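Enquirer: Here is how the chains run, residue by residue.
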Amino acid sequence: MSLNLQQESASSARPARGAALVTFPQVGYASPLTLSSRVQVSPMNQDMLCDLVEAVARQRDKAAFARLFQHFAPRLAAFVQRRGADPATAQDVAQDAMLTVWRKAQQFDRSRATASAWIFAIARNRRIDVIRRERRPDPEMLIFMQENNAPSAESEMERSAFHGRLHASLTQVPANQLEILKKAYFEDLAHSEIAQQLGLPLGTVKSRIRLALIRLRGLLDEEETP
Amino acid sequence: MTHHVPTPLLFDFATGALPEGPALAVTTHLSYCGECHAALLRLEEVGGALLQTLEPAAVDSDLLSHTLARLDESDMDASVAEPEGETRGLLPPVLRPYLATTLNGARWRFAARHVREARLPLANTAHRASLLRVAAGRPVPQHTHRGVEYTVVLSGGFTDRGQAYRMGDFCVADPSVEHRPVAMADAECLCLAVLDAPVLPTGRIGRLISPFLR
Ligand SMILES: [Zn+2]
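Taken in order, these protein sequences are the chains called A and B. Counted from 1, the first sequence has number 157 at position 157 by my numbering; the numbering is strictly sequential. Counted from 1, the second sequence has number 161 at position 161 by my numbering; the numbering is strictly sequential.
Just so you know, nobody snuck in bad clues.
Here are the in silico distance ranges between beta carbons for each label pair:
1) A:Pro201 <-> B:Ala136: 43 to 51 Å
2) A:Ser160 <-> B:Glu55: 25 to 33 Å
3) B:Pro8 <-> A:Asn45: 27 to 35 Å
4) B:Pro175 <-> A:Pro174: 31 to 39 Å
If you are wondering where the hints come from, they were derived from the structure by calculation, not from laboratory data. Fair warning: this is a prediction, and the values are worked out from it, not measured in the lab. Backbone N, C-alpha and C define an ideal beta-carbon position, used for all residues, glycine too.
Model the full assembly from the supplied sequences, consistent with the hints where possible.
Expert: Written out as structure tokens, the structure reads:
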């Protein structure tokens with residue numbers, strides 16, 4: 001295992017900040033006019049990331065874990081810093097979240113979530129736990145007596161199309177909507193707090209979030225109506 | 001399932017912004033509702049996609065090796081503990097950590113005529129979370145709200161302002177709402193109630209609401 005691990009670490013070459021990131025080369029229709037910031041994807045795509053989580057779950061594969069760590073830990077640290085944590089705390093939360101990934105890997109189900117979304121939810125809960133000292137249930141605790149268990153009804157193709165669309169359409173969300181999405185997801189701010197911070201009426205914040213979610217097709221039913 | 005979590009509230013839950021009390025009401029509803037759970041998973045995909053856009057932060061060069069060294073000590077979690085006794089099994093897993101005992105063993109206190117209350121201890125005391133038991137066919141005394149009240153039905157049901165709420169249904173009442181929910185006739189109604197401010201009794205028998213709920 002350790003031999004294998006070293007090879008992995010060398011070949012997946014942890015880069016200096018941002019060095020291994022490429023800017024959406026394959027998405028031709030990302031209009032620069034609507035980009036408020038450079039949207040980046042890593043060389044590892046979601047399918048590969050999902051494979052790695054499954055390797056951790058099934059084979060307790062430490063090399064796979066190391067690759068996940070190299071991809072996610074610096075992003076999770078950035079994510080927690082955006083909430084105002086100092087770098088040391090952010091790094092602790094990132095490490096903690098990755099240890100949770102190791103422990104909970106068997107609960108990952110690629111028919112319900114991508115690796116990024118699943119790890120986002122884990123890190124969000126850890127952030128709430130560490131910074132706000134509140135608890136949130138682990139994702140698997142939500143499974144109880146659900147009617148209309150929709151996620152598993154989607155086909156692999158549909159899901160993959162949805163995620164492709166989601167990542168591509170993120171580049172098309174107008175800057176004033178993307179700013180609000182980022183405030184919400186990164187800074188842990190509710191609708192009303194965003195409105196206060198930006199000096200906007202609550203209704204404006206609500207409608208910008210709603211429009212952004214409509215733009216990210218498939219998130220709201222109104223997707224067909226412009 | 002008829003009454004769902006409003007999208008803005010589900011969004012605030014997905015981003016992590018929703019405080020513990022309302023978040024507990026949301027996850028309780030999700031425990032019964034695959035539709036809202038699917039909507040949450042889609043909102044978490046947005047979080048995952050945004051995470052990918054973040055410029056990675058610098059982390060210590062030995063963080064990976066330190067983490068790898070800790071893998072064996074933090075091995076696979078046992079899955080969710082089995083409910084202890086059938087009365088506790090009635091409760092969704094998300095509520096169980098808040099109740100140290102069985103449902104019947106909880107400290108049920110008089111809250112109003114026909115209404116018993118067991119408090120759930122929140123770390124964030126900005127809200128108050130309780131389990132409420134309302135006797136079959138009986139009303140909760142008429143009241144309005146200084147803040148927002150979230151109710152999720154766990155068993156039985158109630159009617160309120162012409163709507164019927166049954167197992168898993170999510171009900172929001174804000175200060176504009178003055179109401180007198182009535183438990184359905186066939187069974188006691190057990191629900192989770194989360195308040196961000198005390199209720200204001202308005203009816204003739206409002207004075208029968210205990211000071212705990214005021
Ligand atoms: Zn629902």
